[in-house]
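Participant: Sequence:
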Amino acid sequence: MSDLLQVRVTGVLVENNSILLVKQNVSSDRKWSLPGGRVEQGETLEEAIVREIEEETGLAVSVSKLLYLCDKPDASPSLLHITFLLERTGGELRLPSNEFDRNPISDVAMVPIHDLVAYGFSETFMTIVQNGFPELGSYKGLKSSIGL
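The numbers in the numbering used here rise by one with no breaks, and the one at position 116 of the sequence shown is 116.
If you are wondering where the hints come from, they were derived from the structure by calculation, not from laboratory data.
The structure presented is a predicted model; accordingly, all values stated were derived computationally and were not measured.
All C-beta atoms, glycine included, are put in the ideal place defined by N, C-alpha and C.
A portion of the hints provided could be inaccurate.
Derived Cβ-Cβ restraints for the label pairs, each shown as a range [said to hold, decoys possible]:
1) S28 <-> T124: 26 to 36 Å
2) N16 <-> P73: 32 to 42 Å
3) N25 <-> A60: 31 to 41 Å
Within a straight-line C-alpha distance of at most 30 Å, the following computed DSS-like cross-link-like pairs (lysine-lysine) qualify [as the list claims (entries may be wrong)]:
4) K23 <-> K65
5) K72 <-> K140
6) K31 <-> K72
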């Protein structure tokens with residue numbers, strides 16, 4: 001199974017110049033991330049991101065736009081990373097149960113976009129968000145090219 005490609009969906013929800021983030025161990029440099037996760041067998045990409053957002057944050061969302069497709073070939077197994085722009089349709093922010101998570105989420109927050117660097121995100125990613133996701137809907141190559 002280790003030679004298969006994994007598919008991960010990530011959601012970007014922006015409201016009132018703030019972006020939805022979850023706190024979990026991403027790396028030694030970053031403890032906050034965009035919510036999302038792996039696509040499960042039999043799920044569409046849309047079903048996966050809607051499920052992940054509800055599980056991780058308590059919010060009900062719909063997919064607004066495809067933002068970016070990226071590769072992470074150094075992951076094991078290699079990863080196709082798909083990021084969607086989302087719209088909130090309901091729900092209330094809450095912590096997940098973390099019942100089955102090996103990397104539990106310890107906080108969920110709407111964070112001002114201009115504070116993204118303080119939350120461990122790159123200047124590149126913060127600028128992309130501030131500029132309204134230029135080149136949305138495109139293949140961006142390595143995930144690092146969008147600053148993630």
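Participant: Taking the numbered hints from earlier one at a time, note which ones the structure violates and give those numbers from smallest to largest.
Facilitator: Per hint list: 1 and 3 violated.
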